[in-house]
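Asker: Sequence:
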Amino acid sequence: MNKRDFLRAAMGLPLSAYPMLSTSAIDSPPLAPTETNQQGLLLSASDNRQGEHFVSWQTLSATNKYQLPIAWRGHGLAQHPQHKNKVVMFARRPGTVCYVLDWQTQRVQQSFKSQANHHFCGHGCFSQEGRYLFTSEMDYQTGRGKIGIRDTQNYRYLGAYDTQGTDPHDIHLLNDGKTLVVANGGILTHPNSGRKKLNLATMQSSLVLLDAFSGEIREQFTTPWQHASMRHLAVGQDDTVSIAIQYQREGVEHDDVLPLSALLKKGADRITFNQADEVLWAQLNDYIGSTAINDRYGLAGFTSPQGNLAAFWHLDGTFAAYHRMRDVCGLAITLDQRHFVLSSSTGELRYIDAQHLQEVRELRQTFPQTQWDNHLLII
Numbered sequence: 001m002n003k004r005d006f007l008r009a010a011m012g013l014p015l016s017a018y019p020m021l022s023t024s025a026i027d028s029p030p031l032a033p034t035e036t037n038q039q040g041l042l043l044s045a046s047d048n049r050q051g052e053h054f055v056s057w058q059t060l061s062a063t064n065k066y067q068l069p070i071a072w073r074g075h076g077l078a079q080h081p082q083h084k085n086k087v088v089m090f091a092r093r094p095g096t097v098c099y100v101l102d103w104q105t106q107r108v109q110q111s112f113k114s115q116a117n118h119h120f121c122g123h124g125c126f127s128q129e130g131r132y133l134f135t136s137e138m139d140y141q142t143g144r145g146k147i148g149i150r151d152t153q154n155y156r157y158l159g160a161y162d163t164q165g166t167d168p169h170d171i172h173l174l175n176d177g178k179t180l181v182v183a184n185g186g187i188l189t190h191p192n193s194g195r196k197k198l199n200l201a202t203m204q205s206s207l208v209l210l211d212a213f214s215g216e217i218r219e220q221f222t223t224p225w226q227h228a229s230m231r232h233l234a235v236g237q238d239d240t241v242s243i244a245i246q247y248q249r250e251g252v253e254h255d256d257v258l259p260l261s262a263l264l265k266k267g268a269d270r271i272t273f274n275q276a277d278e279v280l281w282a283q284l285n286d287y288i289g290s291t292a293i294n295d296r297y298g299l300a301g302f303t304s305p306q307g308n309l310a311a312f313w314h315l316d317g318t319f320a321a322y323h324r325m326r327d328v329c330g331l332a333i334t335l336d337q338r339h340f341v342l343s344s345s346t347g348e349l350r351y352i353d354a355q356h357l358q359e360v361r362e363l364r365q366t367f368p369q370t371q372w373d374n375h376l377l378i379i
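Residues 1 to 379 (the working numbering) make up the sequence shown, in order.
Careful, some of the hints might be misleading.
To be verified - Lysine-lysine pairs mimicking DSS-like chemistry, simulated, CA-CA at most 25 Å apart: (1) Lys84 x Lys113; (2) Lys196 x Lys65; (3) Lys84 x Lys65; (4) Lys86 x Lys113; (5) Lys65 x Lys178; (6) Lys65 x Lys86; (7) Lys178 x Lys86; (8) Lys265 x Lys178; (9) Lys178 x Lys84; (10) Lys196 x Lys113.
No lab work stands behind these hints, which were simulated from the structure alone.
Can you build the whole structure from these sequences, using the hints too?
Answerer: Structural data, given as structure tokens:
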């Protein structure tokens, strides 16, 4: 048994150094179910048990769930800032088609394809006024990451920015409306070989701040570890960026345990890694799949489906609590900022009271025929 396996085995016992959400001490009870108005509408890609693909949505805390069949497995979603009924579903890497959906009419309004020799990387965002859509893409012939730019009047392709890296995955617009933050995951793939990782020996991940109007790279950040792939991001009201990392263990020979969650503060000259001991990092099993920031309570949440854990840090990097949940990955914040919402491939939705980091068990929902995909959007 190597060191990493030993530390993971240790997590089978209670983590005395860290509070579990189900046993956290609280000063007052969690929010009651009747206090959950203003939560929003939840959307996610999903599959059923027969392997069919959908985009699913429901009013939070309600029992009704709606779903629209789609031809492929979706990944991230983005809401149009002006036309609130419109949402774009991005293709999972290395897909080549995205859908524009109207959740009110329950229709796919249109689709658009990637350029020749490009594939989508799963995420995108709108410009502040909604005129443009930015999509993370790969030019798989050159291995260069691109940010595709489309006119949202008809989703016509206008051009692309170079991300100065490979495998741009998640992308967000900062609050100035002028700066894009992009996670270059560093992993080269090709549609002909599916999701096979083609460059583990030479991969390099980076986080870039990019001018949304000129494509100029303003700043670029890396980690000390070549195989630490920065993939998913969230942005707070103060432009704090939370960073979810997936360590490419198959590309290395050592068994070192590395931090998998980090923060970039506005104006900082480097990424800072969140604080936790090796036991927790080992249990996350080299994989964090999603992150979200709760501005009201100054917390960043991270999910690990491979570790069956959701973990929460204060925005100063200190650890707050964790919650065990099988294959948890989807993570979002209710509109009233009162709850983190977690989803899993088992069909569960769980609500975490963000003030006390305590699950509100009365709100837990299970949809046995639904396998929620990696990401949630609450609008």
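Asker: Are the hints correct? Go through all of them and say.
Answerer: So, going through the hints one by one against the coordinates:
1. Lys84 x Lys113: Holds, at about 23 Å.
2. Lys196 x Lys65: Not satisfied, since the Cα-Cα distance of roughly 34 Å exceeds 25 Å.
3. Lys84 x Lys65: At roughly 19 Å apart (the allowed maximum being 25 Å), Lys65 and Lys84 satisfy the hint.
4. Lys86 x Lys113: With a Cα-Cα distance of about 18 Å, the restraint between Lys86 and Lys113 holds, given a limit of 25 Å.
5. Lys65 x Lys178: 36 Å, violated
6. Lys65 x Lys86: 18 Å, holds
7. Lys178 x Lys86: Given that 25 Å is the threshold and the Cα spacing comes to 22 Å, the pair holds.
8. Lys265 x Lys178: Distance ~17 Å between Lys265 and Lys178 Cα, so the pair holds.
9. Lys178 x Lys84: 21 Å, holds
10. Lys196 x Lys113: Holds - the C-alpha atoms of Lys113 and Lys196 are around 22 Å apart, at most 25 Å.
The earlier numbered hints that this structure contradicts are 2, 5.
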